[in-house]
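Protein chains: 2
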Amino acid sequence: MLQNVDLSREVVKAEYKRLKGDLDLKLADLQRQVKTLGIPVIILFEGWSASGKGTLINQLILPLDPRGFSVYSASGPTEEEKFYPFLWRFWKRTPTRGRLAIFDRSWNRRVVTDRVEGQVKRKQLHQALEDIRSFERQLTDDGVVMVKFFLHISKKEQKQRFAALRENTATAWRVTEADLWQNKHYDEYLAAAEDMLTETDTEYAPWTVIEAHDRRFATLKTFTTVIDALNRGIAVAGRNVEEAAVPPGQPAPTISALKTTALDHVDLSRSLTAEEYAGRLKEAQTRLRELEHHIYRRRMPVVIAYEGWDAAGKGGNIRRLTQNLDPRGYEVIPITAPNDIEKAHHYLWRFWAQLPKAGHIAIFDRTWYGRVLVERVEGFCSEAQWRRAYREINAMEQQLVHFGTVLLKFWLHIDPDEQLRRFQERQEEVHKQWKITEEDWRNRAKLDQYREAVEEMLYRTSTPYAPWTIVESNCKWYARVKVLETVCEAIRERL
Amino acid sequence: MLQNVDLSREVVKAEYKRLKGDLDLKLADLQRQVKTLGIPVIILFEGWSASGKGTLINQLILPLDPRGFSVYSASGPTEEEKFYPFLWRFWKRTPTRGRLAIFDRSWNRRVVTDRVEGQVKRKQLHQALEDIRSFERQLTDDGVVMVKFFLHISKKEQKQRFAALRENTATAWRVTEADLWQNKHYDEYLAAAEDMLTETDTEYAPWTVIEAHDRRFATLKTFTTVIDALNRGIAVAGRNVEEAAVPPGQPAPTISALKTTALDHVDLSRSLTAEEYAGRLKEAQTRLRELEHHIYRRRMPVVIAYEGWDAAGKGGNIRRLTQNLDPRGYEVIPITAPNDIEKAHHYLWRFWAQLPKAGHIAIFDRTWYGRVLVERVEGFCSEAQWRRAYREINAMEQQLVHFGTVLLKFWLHIDPDEQLRRFQERQEEVHKQWKITEEDWRNRAKLDQYREAVEEMLYRTSTPYAPWTIVESNCKWYARVKVLETVCEAIRERL
Numbered sequence: 017m018l019q020n021v022d023l024s025r026e027v028v029k030a031e032y033k034r035l036k037g038d039l040d041l042k043l044a045d046l047q048r049q050v051k052t053l054g055i056p057v058i059i060l061f062e063g064w065s066a067s068g069k070g071t072l073i074n075q076l077i078l079p080l081d082p083r084g085f086s087v088y089s090a091s092g093p094t095e096e097e098k099f100y101p102f103l104w105r106f107w108k109r110t111p112t113r114g115r116l117a118i119f120d121r122s123w124n125r126r127v128v129t130d131r132v133e134g135q136v137k138r139k140q141l142h143q144a145l146e147d148i149r150s151f152e153r154q155l156t157d158d159g160v161v162m163v164k165f166f167l168h169i170s171k172k173e174q175k176q177r178f179a180a181l182r183e184n185t186a187t188a189w190r191v192t193e194a195d196l197w198q199n200k201h202y203d204e205y206l207a208a209a210e211d212m213l214t215e216t217d218t219e220y221a222p223w224t225v226i227e228a229h230d231r232r233f234a235t236l237k238t239f240t241t242v243i244d245a246l247n248r249g250i251a252v253a254g255r256n257v258e259e260a261a262v263p264p265g266q267p268a269p270t271i272s273a274l275k276t277t278a279l280d281h282v283d284l285s286r287s288l289t290a291e292e293y294a295g296r297l298k299e300a301q302t303r304l305r306e307l308e309h310h311i312y313r314r315r316m317p318v319v320i321a322y323e324g325w326d327a328a329g330k331g332g333n334i335r336r337l338t339q340n341l342d343p344r345g346y347e348v349i350p351i352t353a354p355n356d357i358e359k360a361h362h363y364l365w366r367f368w369a370q371l372p373k374a375g376h377i378a379i380f381d382r383t384w385y386g387r388v389l390v391e392r393v394e395g396f397c398s399e400a401q402w403r404r405a406y407r408e409i410n411a412m413e414q415q416l417v418h419f420g421t422v423l424l425k426f427w428l429h430i431d432p433d434e435q436l437r438r439f440q441e442r443q444e445e446v447h448k449q450w451k452i453t454e455e456d457w458r459n460r461a462k463l464d465q466y467r468e469a470v471e472e473m474l475y476r477t478s479t480p481y482a483p484w485t486i487v488e489s490n491c492k493w494y495a496r497v498k499v500l501e502t503v504c505e506a507i508r509e510r511l
Numbered sequence: 017m018l019q020n021v022d023l024s025r026e027v028v029k030a031e032y033k034r035l036k037g038d039l040d041l042k043l044a045d046l047q048r049q050v051k052t053l054g055i056p057v058i059i060l061f062e063g064w065s066a067s068g069k070g071t072l073i074n075q076l077i078l079p080l081d082p083r084g085f086s087v088y089s090a091s092g093p094t095e096e097e098k099f100y101p102f103l104w105r106f107w108k109r110t111p112t113r114g115r116l117a118i119f120d121r122s123w124n125r126r127v128v129t130d131r132v133e134g135q136v137k138r139k140q141l142h143q144a145l146e147d148i149r150s151f152e153r154q155l156t157d158d159g160v161v162m163v164k165f166f167l168h169i170s171k172k173e174q175k176q177r178f179a180a181l182r183e184n185t186a187t188a189w190r191v192t193e194a195d196l197w198q199n200k201h202y203d204e205y206l207a208a209a210e211d212m213l214t215e216t217d218t219e220y221a222p223w224t225v226i227e228a229h230d231r232r233f234a235t236l237k238t239f240t241t242v243i244d245a246l247n248r249g250i251a252v253a254g255r256n257v258e259e260a261a262v263p264p265g266q267p268a269p270t271i272s273a274l275k276t277t278a279l280d281h282v283d284l285s286r287s288l289t290a291e292e293y294a295g296r297l298k299e300a301q302t303r304l305r306e307l308e309h310h311i312y313r314r315r316m317p318v319v320i321a322y323e324g325w326d327a328a329g330k331g332g333n334i335r336r337l338t339q340n341l342d343p344r345g346y347e348v349i350p351i352t353a354p355n356d357i358e359k360a361h362h363y364l365w366r367f368w369a370q371l372p373k374a375g376h377i378a379i380f381d382r383t384w385y386g387r388v389l390v391e392r393v394e395g396f397c398s399e400a401q402w403r404r405a406y407r408e409i410n411a412m413e414q415q416l417v418h419f420g421t422v423l424l425k426f427w428l429h430i431d432p433d434e435q436l437r438r439f440q441e442r443q444e445e446v447h448k449q450w451k452i453t454e455e456d457w458r459n460r461a462k463l464d465q466y467r468e469a470v471e472e473m474l475y476r477t478s479t480p481y482a483p484w485t486i487v488e489s490n491c492k493w494y495a496r497v498k499v500l501e502t503v504c505e506a507i508r509e510r511l
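First to last, the protein sequences are chains A and B.
Numbering-wise, the numbering used here comes out as the position in the first sequence, counting from 1, plus 16.
Numbering-wise, the numbering used here comes out as the position in the second sequence, counting from 1, plus 16.
All the given hints hold, so there is nothing to weed out.
You can't tell identical chains apart in this list, so a pair holds if it fits in one copy or across any two.
In silico DSS-like cross-links for lysine-lysine, where the CA-CA straight-line distance does not exceed 27 Å:
(1) Lys-492 x Lys-451
(2) Lys-137 x Lys-373
(3) Lys-359 x Lys-51
(4) Lys-108 x Lys-359
By construction, these hints were calculated from the structure, which means they are not laboratory data.
Only chain A is shown next, with the shape it has when bound in the complex (with noise of 0.2 Å):
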């Protein structure tokens, strides 16, 4: 979930100023319902040493009412909690009804910090995670709305915050060894907490990664995300308890600055020439014929995964990762909507029957996504059903992976003027216009929607074990080569 993220997000002040207080007053407001629905809340922080968890705690509190929460450090456990079990002391803390907890660090401590120090061992590491999805597991089934933050910045801006900090006399005590520690060893703790993000990301207890390099862009980011987290779970709250009389809650306002995304600083510009594009292309295809009869006699799965825009060129992506091939070792399967016996079955069915065997190589135009996509904007499935495809589709690859399978996923990128200019061609002209209907046009209408969706697969499913790559698709030469030589690459790890 770290992979993604865009640390260069920023807010400018006055759009912060703007904002801030309209935030304040419904922040306020929505704490006064959670208390008097009897909601109980737990707003957590985890993140690197001088992200700014203290700050944006500090933020979030002004405006609630102080007789309402509770802030919780949870450092390393005292000498008196190391006797008991390590959930043992958040269990304590856990909210009554109607108040908040916020904790800055917490329980997901021992799968992080405890594991870089090696106080935690990899068998008891398995074990942690699955205790930490059963607790937030439980609390949620009991009512308890909860907000997991991570404040994520990158080991050069941390190091320099630290030298900051140091060069005060005033603030120098703040720096100690262990946090010196974790910038020496930034890439442990990194993988430490993908693992983590990964893991205890679920439906009921999503992670919610803070691009922290900005204060103001981190406060406002928080401060949407909880008063949307508040709402939902007021909405569902609010259907148990019918005497309570519970006003609509207010939506979170969009805020445009919050937008910005990680898709947006894919370099499209990128391009080959012709020249170069026929001698890579060529490279490449003779490279991954070889590569088929390692497979083959490895017994060695592989499957691909393409999704994209319309007009992106998966087509003729896949036509050139396959011409070269030994038909007999692979398979394209083109992914459209699901037939009546698909549609009886559970939406994952028709992939798990189509998987490839060992040693073949399987090509999905379009895939299980759909769900998280087209399924989830246009209303094909209900909002609890998407909201818990992510872990479904999460373990479904896990558990291709740990089977031996490679897999590979594709998001074809193009911006949506490409996507125009291709719209109009294939209208244009007479053999392309069987590729462009209504529905392309349609879904162009929904861009918006449909951005969100992406980017949101593209945070929650890109896992350490299944990564997703962007392609940058405008240049279509560029995106072949791209596929093609990541693909090699891949298997060649691998064998």
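Given the coordinates of chain A, assemble chain B onto it according to the supplied hints.
Leaving out everything else, chain B in the frame of chain A:
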């Protein structure tokens, strides 16, 4: 879950004949409703070789419309199936909406047979169990009704059945080398099956153990369990599908022959003479006092949980347990109805808060099991709440045991006559009158409901890491000595 199973249960032929016809009709009727409502149903049979899975499945399908179900036999995976992840062949066979899929052995094979035969390594086991839970959760979230049976027979019974099959030349071929191997390694299989049952018994896909020595008993219990499960599934689906006019489900008949359970066979005549009592009590108390020092020095936490019928003698038992102990090393925690603060938290919160520090003993006079006993019977929590509590409680106890806690759970058992005698004695003796209240009499009036709750509790929460000890308590002396000696033995084993 196999610990307290009474394999001697049986149904006489006349009773069987009287009941079976009605069950057939009910089942056929429910199949039609399931089809109308589009509910997919999975019924799976696990259990010992020669436990009668085939016969039982035949019984089950006879009353069904053959166009509405499929039977799958899952022996070891074929060569073909080995080229896919282990759940692949089962995903493919999940039923379409409105159909039944009946599995003779299933995906659970992976965590029992494959494990015992060494094909699944220890580190893969944890993952396989998680994959199974995830698979079952995904299907039931999608509306599948899942009924899981484990057919249990003893080692001796299995051996006899194999011998009988081999004596007859027509059936001798049915006993394979693998079958004989299983009988020889019965205890290993038993332990693996017990782990499997514990780890995959969930509120969405609970296990039913079938005592399979008597075919008639096994058949009736299987039928009534399926009927109950289908009725529950229809009730849930009926709430969601308004247009379908669903007649109220006909509950499975209460069959007195099926009611017999493990508690009935507790030998309540066990007793001690005054002399035996005095000697063994003193000896055990002295030993425990010594062990208390070791516990402290080794920083071992000990949790002793007391549950039992009203007037079973918990108070007197606890006094004998603690009589000789150093009061700085233990605490007795009486549990009554939760106060307002406790009610404003998750029901497990107050127990977490009162866990013993490492090196100390906590004795709970009544426990977290109130959720599945008094709260269930008196309607203080919803059915969904107590059904998921088994798993929540098992998770908590597993966390304690992983932390190194010695955890003992005692059910103090007396029969209704003895209880009545003690109630009357309390009312007659002035100094004991405080011990008997109106509530005791009210509870006694609900004896059948309490008994059902106790039985299900013993069955679903007797785990390999935290088994129940049933204490025969008609003779208080016997009960006191049994608890003391059990505690000493459990601590000694862990030092």
